[in-house]
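Student: Based on these hints, arrange chain B on the given structure of chain A.
Below are the chains, spelled out letter by letter.
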Amino acid sequence: MPDQEKINYLLHLADTTLILSHRNSEWCGHGPVLEQDIALTNIALDLLGQSRLFYQYAAELMGNTDEDQLAYLRTEREYKNLLLAEQPNGDWGQTILRQYLYSQFQQLLFQQLVTHNDQQLCAIATKSLKETNYHVRWSSEWVIRLGDGTTESRERMLHAIDELWPYTGELFDPAAYESVADVDFTSLQQEWNKRVKLIFEEATLPVPEKIFMQQGGKTGAHTEHLGYILADLQYLQRTYPNSIW
Amino acid sequence: MVTPGNISEDGIHRILDTVTDPEIPVLTIRDLGIIRNVILGEHDSVEVQITPTYNGCPAMDMIAANIRLALAEHEIKKVKITTLLSPAWTTDWMTEEGKEKLRNYGIAPPNPKQQVCNQGLFAANEAVECPHCRSHHTHRISEFGSTACKSLYQCDECKEPFDYFKCH
Chain A
0 MPDQEKINYL LHLADTTLIL SHRNSEWCGH GPVLEQDIAL TNIALDLLGQ SRLFYQYAAE
60 LMGNTDEDQL AYLRTEREYK NLLLAEQPNG DWGQTILRQY LYSQFQQLLF QQLVTHNDQQ
120 LCAIATKSLK ETNYHVRWSS EWVIRLGDGT TESRERMLHA IDELWPYTGE LFDPAAYESV
180 ADVDFTSLQQ EWNKRVKLIF EEATLPVPEK IFMQQGGKTG AHTEHLGYIL ADLQYLQRTY
240 PNSIW
Chain B
0 MVTPGNISED GIHRILDTVT DPEIPVLTIR DLGIIRNVIL GEHDSVEVQI TPTYNGCPAM
60 DMIAANIRLA LAEHEIKKVK ITTLLSPAWT TDWMTEEGKE KLRNYGIAPP NPKQQVCNQG
120 LFAANEAVEC PHCRSHHTHR ISEFGSTACK SLYQCDECKE PFDYFKCH
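Residue numbers (numbering that gives the first Met the number 0), protein chains in the order written: chain A, 0 to 244; chain B, 0 to 167.
Isolated chain A (complex conformation):
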């Protein structure tokens, strides 16, 4: 496969997992109860580990760079993460729903990547999938608990759906470089819809009708939120260049 496309695809996977990890880590010390605070930071750690493997592999292909430079010294327009990953935490319900929508997607996508002809990509996907299975289970149980919970928790979940659903179309709208993924996005979308419908039904939540979908994250056109995340994430390296851990 053409190397530049592969590099872009690896960066897309790395950026998405890094940004979602960063968002989740913002909950550290603020979770509603200790166990769930720990659960979410554990998920943040898993995602960070996955993102490091993608960055390391991309850096190896690019030469002359490393995982830290890729994470800390690229600008907003160079980031290729999904718009969904950068959306604000909102309340607990919104964070849960964002995690569920992404994890369900990641699980189905990585199930396809485990047979990819690139051995390293295949190895990373296989390893990550084990972690993702736990993320899907944890987040879907919470979607059900909140959706089918109290009047207030349900209202908050309905609000979360309104906020996040417009960012789910992008998951299945491949950028040019995603041809290297060798993934059938149409069947991926059908399967994702099926799974999400199952969980939403269990949670007594409505699946939105066809609505306008945002896109652009995969090619660097982000919502206003990413700049603030990067300002936070990259502050130290930008202020004290070349400092090391």
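Any given hint could be a false lead.
Said to hold, decoys possible - Restraint ranges, calculated between C-beta atoms of paired labels, are given here: (1) B:R139 <-> A:D161: 29 to 35 Å; (2) A:T150 <-> B:C157: 37 to 43 Å; (3) A:Q118 <-> B:I140: 35 to 41 Å.
Unchecked claim - Now the stretches of chain A that chain B is said to cover, found in silico as 3 or more residues with beta-carbon under 8 Å: (4) 42 to 51; (5) 116 to 130.
If you are wondering where the hints come from, they were derived from the structure by calculation, not from laboratory data. Keep in mind that this is a model prediction, so the values were computed, not measured. Built from N, CA and C at the ideal position, the CB exists for glycine as well.
Tutor: Below, chain B without anything else, positioned relative to chain A:
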């Protein structure tokens, strides 16, 4: 005694058996199944192949450093540590001895993956044995625990909360 010029694979393994997991000090890295291969090279060089448990596990860097230290104590300094991602680490690689040590330490060892470990959605909770009173009347408090590899359980018999090393 393993010294340079007198290096054997067995000897290296014996040294590596002194390296423990930083988070769960009763387990050696061999008990955990982290050591994949030891390859002897020319001029007393050694390559140790390890595999990460969880992708984000912060203990991995420390484990690699501790391997170097343990070997350096035996004057073995030409050490290369390689990380293997594939095949992906599984708790099925944990030794029986390691599982027994975990239990005595108060952590329920992972269930065998093919038999009872269930990662499916809405699957019945797996029966996890309480490491204190050995009762199977336990319930899960949280899917995630104090480290990436553990979840939180409580025993319904003796009421003690405990960590379960989840199967992976």
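Student: Are there three or more residues in the region 42 to 51 of chain A whose C-beta lies closer than 8 Å to some C-beta of chain B?
Tutor: Since three or more residues must qualify, the claim that chain B covers the region 42 to 51 of chain A holds, with 8 doing so at under 8 Å.
Student: Does the hinted range 37 to 43 Å hold for T150 (chain A) and C157 (chain B) at CB?
Tutor: Holds, at about 39 Å.
Student: With a Cβ-Cβ cutoff of 8 Å, does the region 116 to 130 of chain A contain at least three residues near chain B?
Tutor: holds (count 10)
Student: Would you say the C-beta atoms of R139 (chain B) and D161 (chain A) sit inside 29 to 35 Å of each other?
Tutor: Because 32 Å falls inside the window, the suggested range holds.
Student: Is 35 to 41 Å a correct range for the gap between the Cβ atoms of Q118 (chain A) and I140 (chain B)?
Tutor: Given a distance of about 39 Å, which is inside 35 to 41 Å, the answer is holds.
Checked against the numbered hints given earlier, the structure satisfies every one of them.
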